[in-house]
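Whole structure, please, built from the sequences with the hints as guidance.
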Amino acid sequence: MVIADRPDVRSGNNAGRTPDERTHVAVKVFSVFYRANQAVKDVTFNIPAGYVTAIIGPSGCGKSTILRAINRMNDPVPGCYVKGELSERIDHFRFDPQPAPQVGSDAGNHAPTAGQQN
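Counting from 430, one number per residue, gives the positions in the sequence shown under the numbering used here.
What the hints contain is simulated information worked out from the structure, not anything from laboratory work.
Please note that a few of the clues may not be correct.
Unchecked claim - Pair ranges (Cβ atoms, derived): (1) 532 <-> 457: 38 to 48 Å; (2) 532 <-> 466: 39 to 49 Å; (3) 532 <-> 488: 20 to 30 Å; (4) 505 <-> 453: 43 to 53 Å.
Claimed, not checked - Within a straight-line C-alpha distance of at most 30 Å, the following computed DSSO-like cross-link-like pairs (lysine-lysine) qualify: (5) 492 <-> 512; (6) 512 <-> 470; (7) 457 <-> 470; (8) 512 <-> 457; (9) 492 <-> 457; (10) 492 <-> 470.
None of these values were measured; they are calculated from a predicted model.
Just so you know, even glycine gets a beta-carbon here, dropped at the ideal spot from N, CA and C.
Here's what the structure looks like:
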């Protein structure tokens, strides 16, 4: 099964880039197996960076299975394995390892609650 890619969009941060430069996750002829049972067969799609992507389909068609496989959540499941190609392009330097401050919180400078002592 091949999921159609979105047409090329030449605007914003994607202007002038090739499709490969924009691809964040690429899945090619990807299958998921639970022992001898094939749960997902030959799925191919790209998820471009900076886009919101939805995987839709009827109940039981493999949406959650493919997402679990991409996120490697099936690795500890006995007898579960995948075939095909999966590539992810993640820019770890764009993420701040420090937790974001909580809006409105004043940690350590609050009045003691009932039962607490100063």
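Exercise for the section: Look at the Cβ atoms of residue 505 and residue 453 and judge whether their distance stays inside 43 to 53 Å. Expected result: Given about 25 Å between the Cβ atoms, the range is violated.
Problem - Distance restraint evaluation - residue 532, residue 466, Cβ atoms, bounds 39 to 49 Å - result: holds (48 Å)
Practice task
Compare the distance between the alpha carbons of residue 512 and residue 457 with 30 Å, and conclude whether the hinted pair is satisfied.
Solution key: holds (10 Å)
Handout entry: Given pair status - residue 457, residue 492, alpha carbons within 30 Å
Key = holds (15 Å)
Exercise for the section: Below or equal to 30 Å on CA atoms is what counts here, so check residue 492 against residue 470. Expected result: Holds - the C-alpha atoms of residue 470 and residue 492 are around 12 Å apart, at most 30 Å.
Handout entry: Satisfaction of the hinted span 20 to 30 Å by the C-beta atoms belonging to residue 532 and residue 488
Key = The hinted range 20 to 30 Å is violated for residue 532 and residue 488, with Cβ atoms some 39 Å apart.
Exercise for the section: Could you see if the CB distance from residue 532 to residue 457 stays within 38 to 48 Å? Expected result: holds (42 Å)
Practice task
Verify the proposed pairing of residue 512 with residue 470, using a straight-line Cα cut of 30 Å.
Solution key: holds (9 Å)
Handout entry: Restraint status (C-alpha distance of residue 492 to residue 512 at most 30 Å)
Key = holds (16 Å)
Exercise for the section: Would you check the hint for residue 457 and residue 470, treating anything up to 30 Å between C-alpha atoms as holding? Expected result: Roughly 11 Å between the alpha carbons, so the hint for residue 457 and residue 470 holds.
Going down the numbered hints, you'll see the structure goes against 3, 4, while the others check out.
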